[in-house]
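Visitor: Here is how the chains run, residue by residue.
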Amino acid sequence: MQTLIDFITFKDPNVIYVVLGMICINTSSAVIGTFAFLRKRALIGDAIAHALLPGVCLGFILAGDKNIIYLLGGAFLTGWLATFLVDYIVNQTKIKQDAAIGIVLSTLFAFGIVLMSVIQNGDYANEGGLNNFLFGQAAAINKDEVYIFGIILLVILVATYFFYRAFLSISFNYDFAASAGLPVKTIEFVLTSLTVLAIAAGIQALGVVLMSALIITPAAAARFWSNNLRVMLLIAVVFSVFSGVLGAYVSYANAGVPTGPWVVLILSLITIISFVFSTKKGILYRILLANKNKRKIFTENILKSIFQWHEKKQKDIAEPFAAADLLSVRLFSTRELNKGLVKLKQKGLLVADGTKFYLSAEGIVESKRIVRLHRLWEHYLLRRTSMDENHVHAGAEAIEHVLSPEIEKELEKELGILGIPKDDY
Amino acid sequence: MENCSIEVHNLTTTYGGAPVLWDVDFELPVGQIIGVIGPNGSGKTTLLKTIMGLLEPSSGFVKIFNQDLDKIRERVAYVPQRESVDWDFPASVYDIVMMGRYRKHNLFRRTNKTDIDIVNQSIEKVGLTEFKNRQIAQLSGGQQQRVFIARALAQRAELYLMDEPFVGVDAATESSILSLLQEMKNDGKTVLIIHHDLQTVSDYFDYLVLLNTRLIAKGTPQEVLTKENLTNAYGGQLTLLAKVASLIKENEFPIREKDMDF
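So the protein sequences, as listed, match chains P and R. Letter by letter, the first sequence follows residues 1 to 425 in this note's numbering. Letter by letter, the second sequence follows residues 1001 to 1262 in this note's numbering.
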């Protein structure tokens, strides 16, 4: 508890750098990552992140210590080299993109590890923190680095603001953008450079192994919540910053715990929650919808059997009936039937009269509508398909619940039937 | 040709070394609805992409309205195949049609009133006004095709190149595209359409280009749709050509010798 309070109140001045740093890094990567995600180039981010390691090491060897400018510069160069190599391999050979990414990623990463062991065996002072580039150590972010991350964030936000139409255009339809005379190569160059920049900014805090998650995952999670690109960008940023700060806290509270894995785990949890709970696309929503439809089908079936019972007994549809009467036209479980009748009563379609029930005015309209749809569909199947008379009933049984008023009108027009058809199959 | 919309001069385009278009040469009239027909893999899409500058020809050139494409890009609109993009993209019908207004010179500017008016008119022309704010993934295939056409209309061009606009569309969309084409023709526009359904060719088009890697025939539908031309294009008469093409690919031969380019 005390560490949490210390963290929130920035009692340790380093905490403020860490939090600001994470906000900059995660916002940058979420914004740029959204475009990479939409361009289906998300995995390139993984190749870039791994390729940054040799760049960082070369930067270290050149500078002789952990000078952030040298490290970032080296990272930027090898990151660019990775995207160039992937595209080159895809364009010049028969190797497909997934394989090309795999080849470039592992080669440059292996080279990075070799350089790292060279550094560790050589007599460089202060090479200790270099290990952090593998899995990330947010606690190592210092004041100077926060400025640099802030500048990178600013560059990315300003560029995205001005290039918004350009990025949107090449992400949706590259060929069309090119055909309209847009400078697609330049736009692509800017977007790739910003991606490398965003990833390079994050490797110290997140580590090369997991940095690509910050490019891919926030956008993937945000896509579940919005169909509007601007809103999607905002949601991706919120998810990413939340995970980043929380991950930094866990790593702060438990000295020596790397930040990257925690940020990624929290982010993944948000993604899982997104695809379970999000509206329309979420799994939970679809299950609830299916259940709702099941209940609708059941009550509609009761209404239909009420109509059928009256029809069979040649009674007026408004006359009362007992629950048991319905069992003579359709098989219901008594318990389910009673539950359904209660539901219909609540909806005002049915009125209880002692032990008997009768349909309200609304209930009459509704039960007629369902029977009509059922029989219209039977007629349609008979007329338009080669279905047999004794099969059309089963075919119409499920469809009557689906047909919309527009389709009902079309059926009416096509079949030339008004009112409720008499024959029931 | 006096009034020439597209001039394709000795055009050869290769894919992975093998020629997909081979010494194709023709001039097309202005103000007509022109069909490009030919069997699968005959280079129809490649022809359109080469005309649009999306593919680099290995020899030959294209002129549009007697000029280089780059000088008159804004007078040409392109409708790619519907399947060439991912329709599960976070954008509305309006957003996509607005992309028709994006040009090099206004890429960094905000949308202005003229753009908005043109976009709304284009959406109305294809009958999608009530779906204006709908997410594009929630449209039917025919409606998506109409979004693509509306985006091209928003470009306010004189020449329209459409890649298979009639594929996978419902009857309503087909007839609405057809009446739109007539309207465009009456306004003096030229439309070049890749088409694969030979049944409807003579009803839809004023002028035809019959292609199978090489140019087989061009002219009015009566001139082009002869038994001989169709057998040449569809009847496997050109298997020899295909064999030579794959030989070239396997052995890394150049298609033309360097000093023979024009």
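It should be emphasised that the hints constitute simulated quantities derived from the structure, not laboratory data. Errors might be hidden in some of the hints.
So, partial list: chain P residues that the calculated Cβ filter (under 8 Å) puts toward chain R [said to hold, decoys possible]:
1) 178
2) 288
3) 290
4) 291
5) 294
6) 397
Listed next, the stretches of chain R that the computed footprint assigns to chain P, with coverage defined by at least 3 CB atoms under 8 Å from CB atoms of chain P [unchecked claim]:
7) 1019 to 1033
8) 1054 to 1064
9) 1180 to 1193
Each computed DMTMM-like pair below joins lysine to aspartate or glutamate, with the alpha-carbon atoms no more than 20 Å apart [to be verified]:
10) 40(P) with 1086(R)
11) 185(P) with 1197(R)
12) 185(P) with 1083(R)
13) 1071(R) with 87(P)
14) 40(P) with 1083(R)
15) 1104(R) with 175(P)
16) 1104(R) with 87(P)
17) 313(P) with 175(P)
18) 40(P) with 1027(R)
19) 1185(R) with 1174(R)
20) 1071(R) with 1088(R)
21) 185(P) with 1187(R)
22) 1125(R) with 1095(R)
23) 1227(R) with 1187(R)
24) 185(P) with 336(P)
25) 1125(R) with 1056(R)
In this text, a Cβ means the ideal position worked out from N, Cα and C, and glycines have one as well.
Visitor: Does each hint fit the structure? Answer for all of them.
Guide: Taking the hints in turn, this is what the structure says about them:
1. 178: holds (6 Å)
2. 288: violated (20 Å)
3. 290: With Cβ-Cβ at 19 Å, over 8 Å, it is violated.
4. 291: Violated: closest Cβ of chain R sits about 23 Å from residue 291(P), beyond 8 Å.
5. 294: violated (24 Å)
6. 397: Violated - the Cβ of residue 397(P) stays beyond 8 Å from chain R, reaching only about 27 Å at its closest.
7. 1019 to 1033: With 0 residues close enough to chain P, the hint is violated.
8. 1054 to 1064: violated (count 1)
9. 1180 to 1193: That given contact is violated, which follows from only 0 residues of the stretch 1180 to 1193 of chain R lying within Cβ reach (below 8 Å) of chain P.
10. 40(P) with 1086(R): holds (10 Å)
11. 185(P) with 1197(R): With a Cα-Cα distance of about 36 Å, the restraint between residue 185(P) and residue 1197(R) is violated, given a limit of 20 Å.
12. 185(P) with 1083(R): Outside the cut-off at roughly 23 Å; violated.
13. 1071(R) with 87(P): Since the Cα atoms of residue 1071(R) and residue 87(P) sit roughly 30 Å apart, the hinted pair is violated (cutoff 20 Å).
14. 40(P) with 1083(R): With Cα atoms ~15 Å apart, residue 40(P) and residue 1083(R) stay inside 20 Å; holds.
15. 1104(R) with 175(P): Holds, at about 15 Å.
16. 1104(R) with 87(P): violated (25 Å)
17. 313(P) with 175(P): violated (68 Å)
18. 40(P) with 1027(R): violated (39 Å)
19. 1185(R) with 1174(R): Holds - the C-alpha atoms of residue 1174(R) and residue 1185(R) are around 17 Å apart, at most 20 Å.
20. 1071(R) with 1088(R): This hinted pair is violated, its Cα atoms lying about 34 Å apart.
21. 185(P) with 1187(R): Roughly 35 Å separates the two Cα atoms, so the pair is violated.
22. 1125(R) with 1095(R): holds (16 Å)
23. 1227(R) with 1187(R): Between residue 1227(R) and residue 1187(R) the Cα gap is close to 34 Å, so the pair fails against 20 Å, i.e. violated.
24. 185(P) with 336(P): violated (65 Å)
25. 1125(R) with 1056(R): violated (34 Å)
Of the hints listed earlier, those the structure fails to meet are numbers 2, 3, 4, 5, 6, 7, 8, 9, 11, 12, 13, 16, 17, 18, 20, 21, 23, 24 and 25, in rising order.
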